[in-house]
Amino acid sequence: RNYKSVIFFLWLVTNCFIFLGQYMAMEITQVLLNAQSVDGHVRKHAEESLKQFQEQNLPGFLLSLSGELASEEKPVDSRKLAGLILKNALDAKEQHRKFELVQRWLSLDSNVKNQIKTCLLQTLSSPVPDAHSTASQVIAKVAGIELPQKQWPELIGSLLSNIHQVPAHVKQATLETLGYMCEEVSPDVVDQDQVNKILTAVVQGMNASEANNDVRLAATRALYNALGFAQANFTNDMERDYIMRVVCEATLSPEVKIRQAAFECLVSISSTYYEKLAPYIQDIFNITAKAVKEDEEPVALQAIEFWSSICDEEIDILEEYGGDFTGDSDIPCFYFIRQALPALVSMLLETLLKQEEDQDQDEGAWNIAMAGGTCLGLIARTVGDDIVPLVMPFIEENITKPDWRQREAATYAFGSILEGPSPDKLTPTVNVALNFMLSALTKDPNNHVKDTTAWTLGRIFEFLHGSTVETPIITHTNCQQIITVLLQSMKDVPNVAEKACGALYFLAQGYEDVGSSSPLTPFFQEIVQSLLTVTHRDDAGESRLRTAAYETLNEVVRCSTDETASMVLQLVPVIMMELHQTLEAQKLSSDEREKQNELQGLLCGCLQVIIQKLGSSEPTKYVFMQYADQIMSLFLRVFACRSATVHEEAMLAIGALAYATGPDFAKYMQEFYKYLEMGLQNFEEYQVCAVTVGVVGDICRALEDKILPYCDGIMTQLLKDLSSYQLHRSVKPPIFSCFGDISLAIGENFEKYLMYAMPMLQSAAELSAHTSGADDEMTEYTNLLRNGILEAYSGIFQGFKNSPKTQLLMPYASHILQFLDSIYMEKDMDDVVMKTAIGVLGDLADTLGSNASSLIQQSLSSKDFLNECLSSDDHLIKESAEWAKLAISRAISV
Amino acid sequence: MKKYISKKMAPHDLRRPFKRPTISDQQRRRELTLLRQNQSRRDAQNHARFLASSVLALHDQSQSPEPISEPPIVELELATQDDSKPETVQHGELDVLQASKLGGAEARKWFAKQLMLPEWMIDVPDRFNQDWYVFSRPAGKRCFVVSSNGTTVSRLRNGSILHYFPSALPNGARTKDNSGSALSYSILDCIFHESDQTYYVIDMVCWRGYTLYDCTAEFRFFWLNSKLAETGACDSPSHYHKYRFSLVPVYNCEETGLLTVYRGATPYVKDGLLFYNKHAHYQTGNTPLTLAWKDENCSQYVIDTDSNGQIPSQQQVVLELQDDGKLITSDDPPVVFGCLDSDFIVKSGLRSGNLLRFAVSDGGLSFVDGKLEKADIQYLGKSNRARAFADSYSKVIFQYMVRHSPLRFEDLLATVSSSTTEANEPSDVDMPG
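Keeping their order, the protein sequence lines are chains A and B.
All the letters of the first sequence, read from the start, carry residue numbers 1 to 894 under UniProt numbering.
All the letters of the second sequence, read from the start, carry residue numbers 1 to 433 under UniProt numbering.
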């Protein structure tokens, strides 16, 4: 009887699902349409139903979506949404979610997947643009999952067979699919034979003989994504010539979108295949010059971008040469910019006269004048001194013209070339120009001219003022005038005032290493007062003005000297009061709240800078400490509001406070601890998490063993962070370093965490020991990781030194020595890792002493690696190595 | 329907930063914070590595039975900031900086214990030519030179201050050049040679906070040779460098080495020879692993003089009186030379711990199997107050031998040349002065 009832129950359940499935299949169209309803209630209900369906029967859900998308009888809106939901079921922005979705798709029944894929391919032939366009995106996502798994081998073949279909829209959809696919999958999962076929199909589609513009545009955009696949083809002269010819021809197409897409291809080629460009550069110059001069703005912008991108390449290459030309870079510099210099400069100077009215008030503005000036600035950085004589006549001719466009263009040109050429070359001109600029900033009737003038002054101070510059631009005689003009200008319209703040920022920065007496001292009070006045302007929310004023205040404080310490101290209650007021504000609209949060972030940032400044000398620290309690209570209240930036800023400020306070910080710990934990749990806003990890280190050093009561919680959270694949990887190396900070603070009390921390360190060490074949970015990260691991080991060894429990570390010694040996063998560590690694060798010897002497003597690190470090030119490496040698000699000789 | 965003094959955004600095102030704040944190972490590591070890090494020397509970760094900071009193502090918990604040007897006692004192050579040790270094001892005052926190202090064997001066040693003067932590210190074992006003450095105990107590003599001499000159301490005196420091040439104990130190010219007046075992650590107090020897050719003062500078007719020894009336040497363990009866002790007003002067009478010292069996000594009185210790056994015996049957230079040379025939090692290559 029992058996029968089970069968009956199963029958019931199965029928329910079948029924539900049928119901959904019938109803899915309506649900999809309802999900786009203007009526929020209807929409919410529909979304609920979709969610339920997906949770109860995923295969059925995906099948009905693909069926909906493929069906020509269904309304376009439901088809489109079906496709988009399908797409979202395959991919997500967050790394961990994406991983889950990929695994979910791969584990689906292959019949289901095949049915879905058939529907998708079929939809490509749909005459409805929204349907086939959506299908092509979904196909690319499926390809992105399956091709790396060597699944769906027939995909590319069947797509290519579509290319020869008569209806143009099928061809267009297929080319789009190829384009999306190339964006989704990495080149190494497609074999060269198929790459060749894809490129052939795409380049043919781009050819002038292709009559249909939609097809030609789709093909050109597909090429943009497929360029990364063309490595082999670009090394073959004939194939490269062909691709380049077709791209260049497409830049002459009568259809503006095709021309724009073709220039985008050229921009991409300029960075991906820089070293292959020499034979084409003359033609490309002619094409771009013509586009910049005559073509519509979107095309002209791409043409300018081509040269900006070449500058990026050459700046990188020349930086890698490091100034002396004996160094070898992987890619030689072809000096394209230098060769085309006079023509390029005159082409770009022309663009500067095409400003838009009010472009300075519009955050999102980007036009040909802005692009041209930006490119001119990059060229100045690429060629240095040679640009100056080419630009000076333009400046001289235009700077005093009645037309504001000419004056602005001349000023912008001047400002653009201030970075790159040598101070020797620029100083004489700047000395003459400075007075003119100061007067223009006060007297020019045009805001646009004043904006650019203030910006140019800022550039002058940024690049030609400071302790490293031999001939000072700012002297005893003109300093007062400059400051008066800038402070005056800070009362101008917001965009001009913002640039004036920026100029003051760099003016202050130039006095960073001025010593005990700063030329700004006589003006300090006035500057601070003016900046505070700016922050209170009603229109300070425009053009980033308030932010700029606080940032400048920060820099003025950072670069201040003992002479003005009392005035910095007076600033503390002022900023505290401001922060207090933001916390008192009640019942804000969400817009107001956002602004409030922004302000709180700025104020916390400002307090952080002040704390750091005052904390760095004993007398000021002593006086500052009277505010510590109040400041801390303000910071704690700030955590009540929900804004990542504010949390980060408050956390940074608390770190500075802990550093200044030292052991007395213990009294805040009880209240602060929950926010510390919250910060460590903030996976999503990883910057907050990263900053909090750094603050744990500050607190360890401030409290030393008084941090012990909080260590269980902190360690638990740090260990969780390390095992989370949600957390941004950049936070993990500092977490390891933080283990070291904790151990150094609590010494042998770290014992109870060893069993958790050591395996974690050990497996991370294994991962980071071998990096063969990794790219630069990966190697850089690996070195950060190694440094974190090594700092942890150092802290742990030093923490246990002279404790009766050092024996607890013996079991880990051989693995740690192996780790040191293996990173030495790998030969790709940077100087920081080298220094930390050799230090760990010393720490190990120092703490374990004679117990580890035979292990140490067996290790490669104690011989070759140590010798290499001993003869290093890097002072810090040498110092650590000498110490390690000493520690080893003691350990061995006992 | 923000959730479902369709993608278009759209042109890519090519806007570049316009009239903006390359990094934001917020980014700058983050970077400066990271910089500060890294710096603090490095400082914390360095404290743990260098300072702590030096201080603890000193603790170890002072036979303090209780474990060290306070973090040493804290002690150092106290020592440099707090000028008042630590008189009441137990010796065992002192470090060198604290000790240097001590006054009078406290300081003398502490410092007196910090030097490594050679025994006198009463026979030639084994493996003499292989394991030993030799150098000629400059005549002058043996002292401990400590440079830290912008000053240099030299203290004599009895702990009293000889000079308080600026020097080119690390942290030895208040100059702007601060390579390294202000708290890190260096300790040298020196002899101050009056006539050329030079400190001859015979050993290195701590260097820039690195402790060398646990290092072999071989390593210490290597370190001394490679580090001292680069500070400028060997340069002629100047405003920030009041006395010149100088290295003493050290040789392997082989024929050439011995002949050089014995007969060769030196810029200083010689006062005997010193022998150092290459493998020995810096051990405070008396040690048989460094040895002193002298004869008339290499020293003005072979036979001890009395307080008037006269050679007494009978050898004099200084011994310490114990509770039970026993008279002992300063060795560890001590050697008993005799016993005073309690009546005599009470009558003379002597107390346990007193240092007493005796004359060796005609009966002399008699030995059985190389051990002292009987000493015929006669009480003379309490010793000079400046004395911190009784004589060591080896000193008494050496002086006795000098008067009766001295160990001659030829004897030393003979042991070396007889063994060099079999092991012909290169001499003094690795140890140039």
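Just so you know, the hints here were simulated from the structure itself, not pulled from any lab data.
Keep in mind that a hint or two might mislead.
Claimed, not checked - With a straight-line cut-off of 30 Å between C-alpha atoms, the simulated DSS-like cross-links for lysine-lysine are:
1. K44/A x K74/A
2. K752/A x K706/A
3. K227/B x K878/A
4. K347/B x K863/A
5. K863/A x K326/B
6. K276/A x K293/A
7. K278/B x K878/A
8. K674/A x K587/A
9. K706/A x K621/A
10. K257/A x K98/A
11. K752/A x K827/A
12. K863/A x K827/A
Checking against the hints above, which ones are violated? Numbers 4, 5, 10, 11 - these are the hints that the structure violates, sorted from lowest upward.
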